[in-house]
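Listed in order, the protein sequences are those of chains A and B.
Residue 216 in our numbering sits at position 216 of the first sequence, with consecutive numbering throughout.
Residue 1011 in our numbering sits at position 11 of the second sequence, with consecutive numbering throughout.
Just to be clear, a hint being listed does not mean it is correct.
Claimed, not checked - Not everything, but these chain A residues come out facing chain B in the computed CB check (under 8 Å):
#: 1; residue: T18
#: 2; residue: A22
#: 3; residue: G61
#: 4; residue: V252
#: 5; residue: F281
Keep in mind that the hints were calculated from the coordinates and are not lab data.
Computed from a predicted model, the values in this text were never measured in an experiment.
C-beta: ideal position from N, C-alpha, C; glycine also.
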Amino acid sequence: MTVAPAPACAANPWLAHTVRIAGITAEITGVTTYDLEFTDPAQAAGYRFLPGQFNMLYLPGVGESAISLSAHPQSRGRWAHTIRTAGNLTQALARLGPGSTLGLRGPFGSSWPIAQSEDCDILFVAGGIGLAPLRPAIYHVLDRRSHYGRVMLLYGARSPEGMLYTCEFDRWTAAGIDVQTTVDRAATDWMGNVGTVTVLLDRLSLARPEKTILLACGPDVMMHFTAQSALRRGLTAEQVWLSAERNMQCAVGLCGHCQLGPEFICKDGPIFRYDRLAPYFRVEGL
Amino acid sequence: MSDTLLARSQLQTLLDVLRSDGFSVIGPTVSQEAIVYDEIESVNDLPCGWTDVQEPGKYRLERRSDEALFGYVVGPHSWKKYLFPPLATLATADRTDAGWTMGVPAEPVRQYAFLGVRACELAALRVQDRVFLEGPYVDPIYKARREACLIVAVNCTQAASTCFCTSMNTGPRCTAGFDLALTELPHGFVVEAGSDRGSALLARLPVREAADDELTQADQARAEAVKDITRTLNTDGIRDLLLNNLEHPRWDDVATRCLSCTNCTMVCPTCFCSSVTEVSDLQGDHVERERHWDSCFNLDFSYMNGGLVRNNIRSRYRQWLTHKLASWIDQFGSSGCVGCGRCITWCPVGIDLTQEVAAIRETTP
Chain A
1 MTVAPAPACA ANPWLAHTVR IAGITAEITG VTTYDLEFTD PAQAAGYRFL PGQFNMLYLP
61 GVGESAISLS AHPQSRGRWA HTIRTAGNLT QALARLGPGS TLGLRGPFGS SWPIAQSEDC
121 DILFVAGGIG LAPLRPAIYH VLDRRSHYGR VMLLYGARSP EGMLYTCEFD RWTAAGIDVQ
181 TTVDRAATDW MGNVGTVTVL LDRLSLARPE KTILLACGPD VMMHFTAQSA LRRGLTAEQV
241 WLSAERNMQC AVGLCGHCQL GPEFICKDGP IFRYDRLAPY FRVEGL
Chain B
1001 MSDTLLARSQ LQTLLDVLRS DGFSVIGPTV SQEAIVYDEI ESVNDLPCGW TDVQEPGKYR
1061 LERRSDEALF GYVVGPHSWK KYLFPPLATL ATADRTDAGW TMGVPAEPVR QYAFLGVRAC
1121 ELAALRVQDR VFLEGPYVDP IYKARREACL IVAVNCTQAA STCFCTSMNT GPRCTAGFDL
1181 ALTELPHGFV VEAGSDRGSA LLARLPVREA ADDELTQADQ ARAEAVKDIT RTLNTDGIRD
1241 LLLNNLEHPR WDDVATRCLS CTNCTMVCPT CFCSSVTEVS DLQGDHVERE RHWDSCFNLD
1301 FSYMNGGLVR NNIRSRYRQW LTHKLASWID QFGSSGCVGC GRCITWCPVG IDLTQEVAAI
1361 RETTP
């Protein structure tokens, strides 16, 4: 089980720290990456996160939202958050320009078991915006590429225009990650795969399933079928890790909102080993 | 230390000592035809000569034949409203020329003395301690208030039809978690100290050593409560029983009766779900983040990404019951239920969780 860095228990978990928008990158329609920097140098100096962890971003008067870090895990000074404009907070955020300030609490939650999986083959499986929480883990692998076996990214999106970080794919491929993409729908000029991401997984030849770790992030239904496919391909549930999602308010297991069966997604997750989540993951209305 | 006796006429001295020490004394008092917990100044504020009659969906005050001060069981309030306040400001934000400045309010610590805490309620405090104090993150408001609070427990000498503390191993006898524990007799209270703080307090009270027959009387009075308890909840393997029956037809059955009114979660002494809302001044320059009690029975509680995860009563009742009795054990190492029976009494349609569990158990091979 991955363990988050021990939080400073003496600290008030509700105290946000002021961050400034240092950079804004439009990724695809409706998705933007915000580089955030702390206004307090002491916060900036002490801030560390693990791939897969999230922050609570706060706009006073609007509210808070749990946003995964999409930054390089060794980032210093500014941290990237890739955000889809969806609810109140993200819509208000979309109206802010560089230099605007907001609040940040974090990092919270569990992380991808990437540092513990050296010598393994790594299978990243992402759907849509789900590539954002995986990107820190991908960066980690790129930094230590020789310590891993075969590394693949299977990425599915609704359309070619809905794919994130495509400008990085060549670099990732050159560095030794086999990037395969697929889309649900495409115009006639699309020469790539069409179909769900599990189709890519089903036809993959896995050299050593017993030494493969699968990390998946995307819509629930996509992760469910990815896990099923992985099990059919000879992986055990202990080798499959998913990122679960629920509404969060406190991020520290005190408000009760994000429960899924016995799990608090905020503090026990969001990254779970599949065997732990499997009994509850697809129960309607749980 | 041997048990001592505080004369009924000296109970006011206990209140006076606590108040002079700076405590707000919170105790039982009659309000709106119920015995509730509120700040009290005098023994005259206590529900002298009143008792409560409880059944599923029913709560009535009735006159007793004696002048007992603690001759009732539990009412709609629990002590959690003082340690985990229904409304609290968690954080603040102020707009400055340099952008938003974040803060947390510096609340003066409220020093409460709780008078009349029942055994099941001591257990409930322990349950909330595990939630708010013993996980990886600590709730600062609960922590400050809990550490400052002093507890004068009162042993039950009767039980309601809705009580099942004996099934949950939480009562009716107060065994730990108090500073002082009283057992009421007609002419006074047998007092035991449960902490150094309690011993120190006791040393300042005009008590005398209790006579043997007074101790026997106290034993008998406490035994009455045990005899009164008729309701049971079989907790054998209850975690697996419920979590392995997430699609049991009983959830559909209870959903036809449950109104999703949230009463059970509001009266429950352990339910801790909350939500945060933004409260800003007219300019929007000063914002406070207010936490208020919420409930898994509220429709919006499971809002996510423009939809609702638990969009029917079946799923919301299932969430409440499986959390309370099953997944709570995974999360906090104990049941979330202390057997106080409030959720049964205050359910407008009298849904009884012990019966719901029994129904699932009966039909599980």
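Verification of the hints:
1. For T18 (chain A), the interface hint holds, the least distance from its beta-carbon to any beta-carbon of chain B being 6 Å, beneath 8 Å.
2. At about 13 Å, the closest approach between the beta carbon of A22 (chain A) and any beta carbon in chain B exceeds 8 Å, and the interface hint on this residue is violated.
3. A distance limit of 8 Å between C-beta atoms decides the matter here; for G61 (chain A) the minimum to chain B is near 4 Å, and the interface restraint holds.
4. The beta carbon of V252 (chain A) is positioned within 8 Å of a beta carbon in chain B (closest approach about 4 Å), and the interface hint is therefore held.
5. At about 12 Å, the closest approach between the beta carbon of F281 (chain A) and any beta carbon in chain B exceeds 8 Å, and the interface hint on this residue is violated.
In this structure, the hints that do not hold are numbers 2 and 5, in rising order.
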